[in-house]
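Peer 1: One letter stands for each residue in the lines below.
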Amino acid sequence: MTWDEMSPLLLEATGQTAQMVVWSTLFTVLFGLPLGIALVVTDRGGLLPSPVLNRVLGLVVNLGRSLPFIVLMIAVIPLTRLIVGTTIGTFAAVVPLTLGAAPFFARLVETALREVGRDTVQAAQAMGAGRGTIIGKVLLPEAMPGLVAGLTVTVVALISYSAMAGAIGGGGLGDLAIRYGYQRFETTLMVVTVVVLVVIVQLVQTLGDVVARRLARR
Amino acid sequence: MIDVSGLRKVYRDRGREVVALGGVDLRVREGEIFGVLGQSGAGKSTLLRCVNLLERPTEGTVSVAGQELTALREGELRRARQRIGMIHQHFALLSSRTVAGNVAFPLEVMGVGRAERARRVAELLELVGLADKAGAHPAQLSGGQKQRVGIARALAGNPSVLLSDEATSALDPATTQSILSLLRNLNRELGLTILLITHEMHVVKGICDSVAVMRDGLVEESGAIPELIARPGSRLAAELFPLPRPEAGNVTITFTGQADEPVVSEIVRKFDVDVNILGGVLEEVAGVSAGRLRVRLTGGEREAALDYLTERGLLVEVTP
Ligand SMILES: Nc1ncnc2c1ncn2[C@@H]1O[C@H](COP(=O)(O)OP(=O)(O)O)[C@@H](O)[C@H]1O
Ligand SMILES: [Mg+2]
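As you go down the protein sequences, you meet chains A and B in turn. Residues 1 to 218 in full-length UniProt numbering are what the first sequence spells out, letter by letter. Residues 1 to 320 in full-length UniProt numbering are what the second sequence spells out, letter by letter.
In isolation and in its complexed conformation, chain A is listed as follows (with noise of 0.2 Å):
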């Protein structure tokens, strides 16, 4: 294959493989850091008590990160076709890789959470804070560092999920590497593919750990 030929095949697998990541990413975030926030505040000695809620919350996300990601997408299709219409494709596939990650991003959240100091919710509970406050201005703010670092560790494990994704049709650089490097036996375009990952996932390494760095330095 020539570069020629290569190259929008390449330029089209990345944008899809962006588009999965970059949205499941949003909704990782969006369920994920809530779902941590909760498992710290439910916990005995948290802001806001709660055995059986915590207990509930930690077995739902066990039970997500435990399941290898190739089984939950195909375990979710159902849910997939009432929530986006279609079972194949890039948005179907955020469904999965949504699930897959968020729970993966709460743990991580949820231990971001813990190194903040007993002593400093304390303090703030000492000036008259309500539990609004403690987390929004306290427990996310002095966390951020850990935050940042396990947004990273999540965006590079989806870009590797999504990878799998072309078994549903999500297309993106993993397919593209099966589909043609794999099955074609076009090595050159399965290595360019692999450079590109190796690529994509080092700077996005590299800009979570600088962003974190600045952060913690302060």
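Don't read these hints as lab results, they were simulated from the structure. Treat the hints with care, since some could be wrong.
Label pairs and their computed distance ranges (CB to CB) [to be verified]:
(1) A/V71 - B/R14: 36 to 46 Å
(2) B/R8 - A/D119: 22 to 32 Å
(3) B/T58 - A/G85: 53 to 63 Å
As the structure is a prediction and not an experimental result, all values here were calculated from the model. Glycine included, each C-beta is placed from N, C-alpha and C at the ideal position.
Add chain B with the ligands to chain A, keeping to what the hints say.
Peer 2: Just chain B with the ligands, lined up with the frame of chain A:
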């Protein structure tokens, strides 16, 4: 200003019960600096955290500035807390905010507008001598500076009461001294009532007017320092004046404020006794000089000499 009565706090720790406070009564008067002295594990932090109800007492009541906090609902309690400042051993500053941002935090909680907030923050930083550090982050400050930020933050709501949990325990001696004098000045200039807990006698010696000595969740003794010292068997005095264990017949004389009167030479002359000095300590506490002298008194009119000392207002204890 602070009234604590019948305070009990029992922690349940994996099925086991830990009695952190076993029935504590405390009365802190307006405008004084009240120290709670005790070793680690005595229950000091628990007591302090019960005063602003960070910890719910198992039993007992707490009133601050005439308001019974233990009777308040959550919203009212939050408002009451805005008028009670607190500083912490490890400062508990927000690392994500600048110095000015940290001091602004309680003002945001109180709903103070942006312009008023900026004005107040500048004023508070001026008060603690950190006006030039407004834009710095806590990580760039020394321990003493961090505690100054903590103090400025605690004063944001114009509190009538300041609670201090080992505020100088993480600081070196010189910095400790500067923080203690800052607290003393705030106490004098703003009429701020301060309840501080510490395991260090020198903090009590340095700035406290009154003290409670705690042990195993109970207050062993409490009151104004000069009165406490003058009380027979005082634990505070025993710690303040570390003298070797007395032998039978030894006389221990404790004096507060009368350090410049020549009582020893007087009894030698008047009662013809021999005075053998075994040890002595002189201290400056709560603004008065106080001391303790351990002597052996022999010969002459020994009993009359002891009575004379008591009449002169000294505490005389004879070891049986
Ligand atoms: N949250 C808690 N759970 C269980 N036990 C506690 C808790 N906080 C304090 N304690 C216990 O209560 C006692 C008093 O602790 P504390 O008030 O911190 O003492 P101090 O401040 O004088 O060192 C200690 O025995 C401590 O182990
Ligand atoms: Mg303590």
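Peer 1: All hints, please: hold or fail.
Peer 2: Evaluated hints:
Between A/V71 and B/R14 the Cβ separation comes to about 39 Å, which falls inside the hinted range of 36 to 46 Å. Taken as a hint, the range 22 to 32 Å holds for the pair B/R8 and A/D119, whose Cβ atoms sit roughly 25 Å apart. The hint said 53 to 63 Å for the Cβ distance between B/T58 and A/G85, and at roughly 58 Å that hint holds.
Of the hints listed earlier, there is not a single one the structure fails to meet.
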